[in-house]
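Work out the full structure, taking the sequences as your base and the hints as a guide.
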Amino acid sequence: MLREVLRVAGSAGRLMAVMVMLAIFCAPAAAETELVFWNFWDQKFIAPVIARFEAEHPGVKIRSEQLNWGNGLDKIVVALANGKAPDICELGSTWTGKFMSEGVLIDITERVSDLRPRYHLWEPATWEGRIYGMPWLVGTRVLFYNRALFKAAGLDPDIPPRTWDELLIAAKAIHQPDKGIYGFGVNAGEGHILYKKFLPFVWGNGGSILDGQGNFCFDSPATREALEFYRRLMAFGLKEKQDILDDAFKKGRLGLEISGSWNFAKYPKEAPDLDFGTALIPPPGEGRGRSCSFLGGQILVLFKNCRDTQAATEFLRFLTKAENTLPITKEALVSFPTDKAAYDDDFFRKNPKLGVFVKQMETGVHPPVHPLWIELESIINDAVEKVLYGSPVDEVLGAAATAYERVRLQFDDRRKASAPVPSSAGSSIPVAGTIALPVWAMVLLVLIAAGTVANAILLIFIYGEVKKNAA
Amino acid sequence: MRATGRDASSPSVARPLYALLFLSPWLMTFLVFWLYPLAFSFLLSFCDYDVFRAGAFRWTGLDNVVRLFSDDRFRQAFGNTLFFVVGTTPVTTLLALALALLVERVRNLQNLFRSAFFLPSIISMVVIATIFKSFYAPDGFLNAVMAFAGFQKHAWLVETAWAMPAIMAMDVWSSIGYYMVLFLAALKSVPAHLYEAAEVDGAGEWAQFRHITLPQIRGMILFVIVINIIRGWQVFPEIFTLTRGGPLGTTDTLVHRVYEAAFRYHEMGYASAMAWVLFAVIMAMSLVQMRLLREKHR
Numbered sequence: 001m002l003r004e005v006l007r008v009a010g011s012a013g014r015l016m017a018v019m020v021m022l023a024i025f026c027a028p029a030a031a032e033t034e035l036v037f038w039n040f041w042d043q044k045f046i047a048p049v050i051a052r053f054e055a056e057h058p059g060v061k062i063r064s065e066q067l068n069w070g071n072g073l074d075k076i077v078v079a080l081a082n083g084k085a086p087d088i089c090e091l092g093s094t095w096t097g098k099f100m101s102e103g104v105l106i107d108i109t110e111r112v113s114d115l116r117p118r119y120h121l122w123e124p125a126t127w128e129g130r131i132y133g134m135p136w137l138v139g140t141r142v143l144f145y146n147r148a149l150f151k152a153a154g155l156d157p158d159i160p161p162r163t164w165d166e167l168l169i170a171a172k173a174i175h176q177p178d179k180g181i182y183g184f185g186v187n188a189g190e191g192h193i194l195y196k197k198f199l200p201f202v203w204g205n206g207g208s209i210l211d212g213q214g215n216f217c218f219d220s221p222a223t224r225e226a227l228e229f230y231r232r233l234m235a236f237g238l239k240e241k242q243d244i245l246d247d248a249f250k251k252g253r254l255g256l257e258i259s260g261s262w263n264f265a266k267y268p269k270e271a272p273d274l275d276f277g278t279a280l281i282p283p284p285g286e287g288r289g290r291s292c293s294f295l296g297g298q299i300l301v302l303f304k305n306c307r308d309t310q311a312a313t314e315f316l317r318f319l320t321k322a323e324n325t326l327p328i329t330k331e332a333l334v335s336f337p338t339d340k341a342a343y344d345d346d347f348f349r350k351n352p353k354l355g356v357f358v359k360q361m362e363t364g365v366h367p368p369v370h371p372l373w374i375e376l377e378s379i380i381n382d383a384v385e386k387v388l389y390g391s392p393v394d395e396v397l398g399a400a401a402t403a404y405e406r407v408r409l410q411f412d413d414r415r416k417a418s419a420p421v422p423s424s425a426g427s428s429i430p431v432a433g434t435i436a437l438p439v440w441a442m443v444l445l446v447l448i449a450a451g452t453v454a455n456a457i458l459l460i461f462i463y464g465e466v467k468k469n470a471a
Numbered sequence: 001m002r003a004t005g006r007d008a009s010s011p012s013v014a015r016p017l018y019a020l021l022f023l024s025p026w027l028m029t030f031l032v033f034w035l036y037p038l039a040f041s042f043l044l045s046f047c048d049y050d051v052f053r054a055g056a057f058r059w060t061g062l063d064n065v066v067r068l069f070s071d072d073r074f075r076q077a078f079g080n081t082l083f084f085v086v087g088t089t090p091v092t093t094l095l096a097l098a099l100a101l102l103v104e105r106v107r108n109l110q111n112l113f114r115s116a117f118f119l120p121s122i123i124s125m126v127v128i129a130t131i132f133k134s135f136y137a138p139d140g141f142l143n144a145v146m147a148f149a150g151f152q153k154h155a156w157l158v159e160t161a162w163a164m165p166a167i168m169a170m171d172v173w174s175s176i177g178y179y180m181v182l183f184l185a186a187l188k189s190v191p192a193h194l195y196e197a198a199e200v201d202g203a204g205e206w207a208q209f210r211h212i213t214l215p216q217i218r219g220m221i222l223f224v225i226v227i228n229i230i231r232g233w234q235v236f237p238e239i240f241t242l243t244r245g246g247p248l249g250t251t252d253t254l255v256h257r258v259y260e261a262a263f264r265y266h267e268m269g270y271a272s273a274m275a276w277v278l279f280a281v282i283m284a285m286s287l288v289q290m291r292l293l294r295e296k297h298r
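Which chain is which? The protein sequence lines are S and Z, in order.
So in this note's numbering, spot 274 of the first sequence is number 274, and the numbers just go up one at a time.
So in this note's numbering, spot 11 of the second sequence is number 11, and the numbers just go up one at a time.
A portion of the hints provided could be inaccurate.
[To be verified] Here are the computed lysine to any residue pairs in the SDA-like style, where the Cα-Cα straight-line distance is at most 25 Å: (1) Z:153 to S:176; (2) Z:153 to S:110; (3) S:172 to S:154.
Read the hints as simulated data drawn from the structure, not as lab findings.
Right, here's the structure in full:
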């Protein structure tokens, strides 16, 4: 009996020993690299691509987490400050200037430079000649015009406006506000959109925001002319937010607007009878200036704390392939693949309205990739908005230049302040954790201790009061 | 009678320690989630700290506060917030009181009215703002009514003169029910015999309201005003959902400015300084009101 028990116990012990050993030996083999991937897309677009990638790359797991455009950037910045940044992250192309210049991204030049000729939108992924990201999707805006309203106003619907003057004439002819019909859609009341619609007129007119040396040159005659033109156009326009403009166009009450391909996703269901066309954004005049539009997109980057650069780069190369980006474009219709191979697809070839987007993209301009772009963006947006609301152009442009000067000085100040300690910023990610200087830690600890003591005193006091009351 | 045997045996100093032990779950969260961030943000408000440029973290003394006073946007936001507080507080208080008086008179279905008016205050402000966005749209309900009544249509959230009042109207609508319920509670606690006595003395409706109801619910009125003002200074979700401070910064408020400084421009120190200025304003106002409240009670 006893022996029986011992035997069972012995074999059980052996079994356990074997299992433990198995566990020990198998653990390293089964350990997968799990890479966290933050993106802004509905997971139905991302999950299948990840599944295919994981099937092709055993041992690599990708965990996708969805952000939203409302507060995604906040989350990324906070995570970065806490040292909890994801391995792989999608960034809006106007944000990358800041991230790249602050050195929080991994240089992947050697790993992706062979793809250079095959992809669009390298500019916002490149900083001082090095590549810090992989262009994923690209989007632009073109001129939408309502053919029915063109006919009603006595304009030829087959000839969309080809110059600023023609645009103005068309808007004027269509504009009948008392009937609820408006000429041109002017963005207003939103901080982050107006500049995308206005800058094409500056760029098309030969102007820019920063010159070759990085000096502010937005207050140039080219901008002045564009602002004056925009103001004249506004007289025949509906001044509203983007979604309201898109809605007015969809309902056939807006003659012309600059908008994006996202509209195509709605028209078949919500406005199947809308008779409209798309055209390149008109240049200033015939043979003068050029047709330009805002170019923006999504860049995939690896943060410095990425656990497996090799696997992550493989994933970037996989995700950005035409066959993996086309399904997103076809369904969401927000932005297009950066992979040029995608444009041979019938989806683009057989739809002339989308073809206009592809053509406009060739002359699209990406805003400056600059560490201060977020500040610049709001300076420009404010300037255009002020003009729209009636401030004199000269005054507004002067104020913009002053505002930029102030921001730049502050930036230089900070750079100087952080210069003496390059080693600490160079080797690791500069995050909040690293600023925990002993002094600060001490002060904080003292404060917390003081808080605890204060609480204790308070409690003793309350206890005394209670006791007194009880008595 | 007082000291039982058990009480005498346990040293009276040990009691608070036990209390501390039992309170520790709360104390821990208080320390980690309240006191620590509070202390940290207070320190930050004297520093220059760009999240991206942690190396440039440095003590700048009162620079942030000095900068605040020369910051046009902050000044504008301060003015807007003040306008919001001054505009919404009396309207909300008066309307809520009027509504409470009306609802109190309703004998049948009083519960229904109470719930109906209270409903907006349990809906998230983001949802309300989204609904009002279409309400204020060019072909939205409000413009349809305006056109029908023969008034001019407006782009409510885009015109500089109308954007802030539009948001204020929405805020009044959404918060009125909550204060109405508070007033209802106060009205219910007014002793009925006071009214009976007044009626015997021949006091009319107005006299009863003026000399009985108002003095009896004065405490609640002041409470509602205090809460309203504190809430008004902190207005944010409405702004963030509807206008993000536009057009031309006419709807920019203090909390929205703090948000922009912290999360758009990543200037944590500057944002903290703003937050502490806001704290000081609310604190000062609350203290003044507490004082008023006390004096009125005597």
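Verification of the supplied hints:
1. Restraint check: the Cα-Cα separation between residue 153 (chain Z) and residue 176 (chain S) comes to about 14 Å, which is no more than 25 Å; the hinted pair holds.
2. For a cut-off of 25 Å, the pair hint linking residue 153 (chain Z) to residue 110 (chain S) is broken: about 59 Å separates their Cα positions.
3. As the CA atoms of residue 172 (chain S) and residue 154 (chain S) are separated by approximately 12 Å, the hinted pair is consistent with the 25 Å bound.
Comparing the model with each earlier hint shows a violation of hint 2 alone; every other hint is respected.
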